[in-house]
Amino acid sequence: MNKVEGVIFDWAGTTVDFGCFAPVNVFIDIFKNAGIEVTMEEAREPMGMLKIDHIRAMLSMPRISTKWEEKYKRPFNEQDVANLYSEFETALMSSLIEYTDPIPEVVETVQILRNQGLKVGSTTGYTQTMMDVVVPNALKKGYGPDFYITPDGTNSFGRPYPYMIYRNMEALELSASWKVVKVGDTTSDIKEAVNAGVWSVGIVIGSSEMGLSIDEFNALSKEGQEKVISKTEKSFLQNGADFTIKSMTELPPLIERINYLISDGKRPNVK
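All residue numbers for the sequence shown refer to the numbering used here, where the first residue is -19 and numbers rise by one.
If you're looking for bench data, these hints aren't it; they were derived computationally from the structure. Among the hints, erroneous ones may be present.
[Unchecked claim] Lysine-lysine pairs mimicking DSSO-like chemistry, simulated, CA-CA at most 30 angstroms apart: (1) K12 <-> K211; (2) K159 <-> K202; (3) K226 <-> K121; (4) K226 <-> K214; (5) K207 <-> K226; (6) K202 <-> K(-17); (7) K214 <-> K202; (8) K226 <-> K246; (9) K202 <-> K246; (10) K51 <-> K159; (11) K12 <-> K51; (12) K246 <-> K211; (13) K(-17) <-> K12; (14) K214 <-> K159; (15) K211 <-> K226; (16) K47 <-> K12; (17) K(-17) <-> K207; (18) K246 <-> K(-17).
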């Protein structure tokens, strides 16, 4: 059948942890402990990557790199990366259970997709140890994919490499990349999807890319909400997304639209 066979979701910021706050707060804290003040924007920019790669990416940012050299009289090295990551992992593990609530509309949408016969997979920037906390706690609250994998399962080749998506396709027996939809909340998710040759969808409200808590978003005026939605959508599309959706309720109708495109001979990532 020439139609979508499976949907692969990201975790934090997409299906759980509205705004993706569990990791971002810890990134800010570990750099502060090292004597470097980083901004929320800097902490979020590499979001979606394997977390040690995320730390390396932050240290490579020109402003942070310069601050590091000013403080330590030398460029950062791999031992610095390892030290920061060790601190990150310890701090995240102590708070992660608090960030496992499914985002509104996720549980209901996943059930709709399953009722339509679609397989549900997932990829993440978290390690297996972190997912040992997230997966069972999210399941208690109603959300669980048919399959998940971390970069630990792909020799630490996380996003934007496509390998976690390929492992999902293999495990879920999805027959072709163009019959797969990837939904994520970061530009790393989009790039992962593009590199895998699957349909790439950026989810806007609740995303790390938007970077707002549910209370912060709801406190905005209608005009303010439209402005941040538009900015987030633009970022996803500039990074190669085929589509954006504001929230999960828009996903089933979008999959119907993709099915029409597939039957018409269209393929992902072709602008």
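Tested hints:
{"no.": "1", "hint": "K12 <-> K211", "result": "holds (28 angstroms)"}
{"no.": "2", "hint": "K159 <-> K202", "result": "violated (36 angstroms)"}
{"no.": "3", "hint": "K226 <-> K121", "result": "holds (23 angstroms)"}
{"no.": "4", "hint": "K226 <-> K214", "result": "holds (12 angstroms)"}
{"no.": "5", "hint": "K207 <-> K226", "result": "holds (13 angstroms)"}
{"no.": "6", "hint": "K202 <-> K(-17)", "result": "violated (36 angstroms)"}
{"no.": "7", "hint": "K214 <-> K202", "result": "holds (18 angstroms)"}
{"no.": "8", "hint": "K226 <-> K246", "result": "holds (23 angstroms)"}
{"no.": "9", "hint": "K202 <-> K246", "result": "violated (35 angstroms)"}
{"no.": "10", "hint": "K51 <-> K159", "result": "violated (50 angstroms)"}
{"no.": "11", "hint": "K12 <-> K51", "result": "holds (12 angstroms)"}
{"no.": "12", "hint": "K246 <-> K211", "result": "holds (27 angstroms)"}
{"no.": "13", "hint": "K(-17) <-> K12", "result": "violated (49 angstroms)"}
{"no.": "14", "hint": "K214 <-> K159", "result": "holds (25 angstroms)"}
{"no.": "15", "hint": "K211 <-> K226", "result": "holds (12 angstroms)"}
{"no.": "16", "hint": "K47 <-> K12", "result": "holds (12 angstroms)"}
{"no.": "17", "hint": "K(-17) <-> K207", "result": "violated (34 angstroms)"}
{"no.": "18", "hint": "K246 <-> K(-17)", "result": "holds (11 angstroms)"}
Hint violations for this structure: numbers 2, 6, 9, 10, 13 and 17, all remaining hints satisfied.
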